[in-house]
Amino acid sequence: MLQDNYVVGVDIGGTHISACIIDTKQWNIYLENVARNHVFSQGDAKTILQTWASTIRDIIATSPAPIQFIGIAMPGPFDYENGISKIQGQSKYDNLYNMDVKALLAEELGLPPTSIHFINDAAAFLQGEIFVQNLQTNKRILGITLGTGLGSAVWNQGEKAYDAALWNSPYEDCIFEEFLVTRWFIKRFKEVAGKDVTGLKDILDHHRETKEFQIIKDEYAKHLFDFMQFFAEKHAAEIFIVGGNIAKALPIFIGDRNEFERFQIYTAILGEKAAMIGAASIFN
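Mapping of the sequence shown onto this note's numbering: position 163 corresponds to residue 306, and the numbering continues sequentially without gaps.
No wet-lab data here; the hints were simulated from the structure. Here the structure is a predicted model, which means the values were calculated and not measured. Each residue gets a CB set at the ideal place from its N, CA and C atoms; glycine is no exception. Some hints here could point you the wrong way.
Said to hold, decoys possible - Ranges between beta-carbon positions, derived for each pair:
hint	residue 1	residue 2	range
1	P255	D316	44 to 50 angstroms
2	P207	R400	46 to 52 angstroms
3	G337	A379	21 to 27 angstroms
4	A379	N401	18 to 24 angstroms
5	A208	K333	47 to 53 angstroms
6	A375	A204	31 to 37 angstroms
7	T158	D222	19 to 25 angstroms
8	E362	A208	32 to 38 angstroms
To be verified - Okay, derived cross-link-like pairs now, DSS-like style, lysine-lysine, Cα gap no bigger than 25 angstroms in a straight line:
hint	residue 1	residue 2
9	K229	K189
10	K330	K282
11	K330	K354
12	K338	K360
13	K344	K354
14	K391	K360
15	K338	K354
16	K168	K189
17	K333	K360
18	K303	K229
19	K168	K303
20	K391	K333
21	K365	K354
22	K303	K377
23	K377	K282
24	K344	K391
25	K354	K391
26	K344	K333
27	K354	K377
28	K333	K282
29	K344	K330
30	K365	K330
31	K330	K360
32	K333	K303
33	K338	K391
34	K377	K365
Make the full structure from the sequences, and use the hints.
The following block contains the structure:
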């Protein structure tokens, strides 16, 4: 099906797009040629699509052979089969809501819509990390991504990973996502410390030794454990791979918490590259 085996793997997040060329025959990822751009995801639809298309065009220009297919890891909710965005009220991509993103992006790129395929970003991340960390001998692995949104995915041995779509599962007085993502840190630190911060990195860089950080550290650990326990019971598995920007600080939150010992937890080693590999694996 694939001429010369080269495809474009794309990872789209709440603030970025990354793309690279992947040889699906050898599963080589051309890391020296990763195109990245910041995306203002609260901008208008045309600007967002033009940023995406520009990044993809830049990487296609570096390909050693013609590109026929583009695999895109995309946050949900999203109609992955038809390429229609269902994201709304998550502080990102509101202006793409109900739009045929596949057709519009194909038009920007001058390609047929059939050349573009979407996969849930958490599923793509999980697929890529399992491949690279050589964890395929396990029966079932659960994936969590923690960043601007909450992603969840399930992988069963011999199958492709799929979106578990647990972000909006009821929790406390709201849903799990509102207690596990970047905006929770911003909101909660303001409530506890009375100070404005841009996110977790800002808190860790400037407020890590404060009593206010200890409060939100303990609260976040509880929220995360509650989610992992809910996820583990729902899918009868206790092996996790955790990724996303917040996961880089995972040891800070769970290092001294004995309750997490019931889980086997791997942290992501590839970051965005895992999602790009997972997106390209659609065509395998």
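Index of numbered hints that the structure contradicts, given in increasing order: 3, 6, 8, 10, 16, 27, 28 and 32
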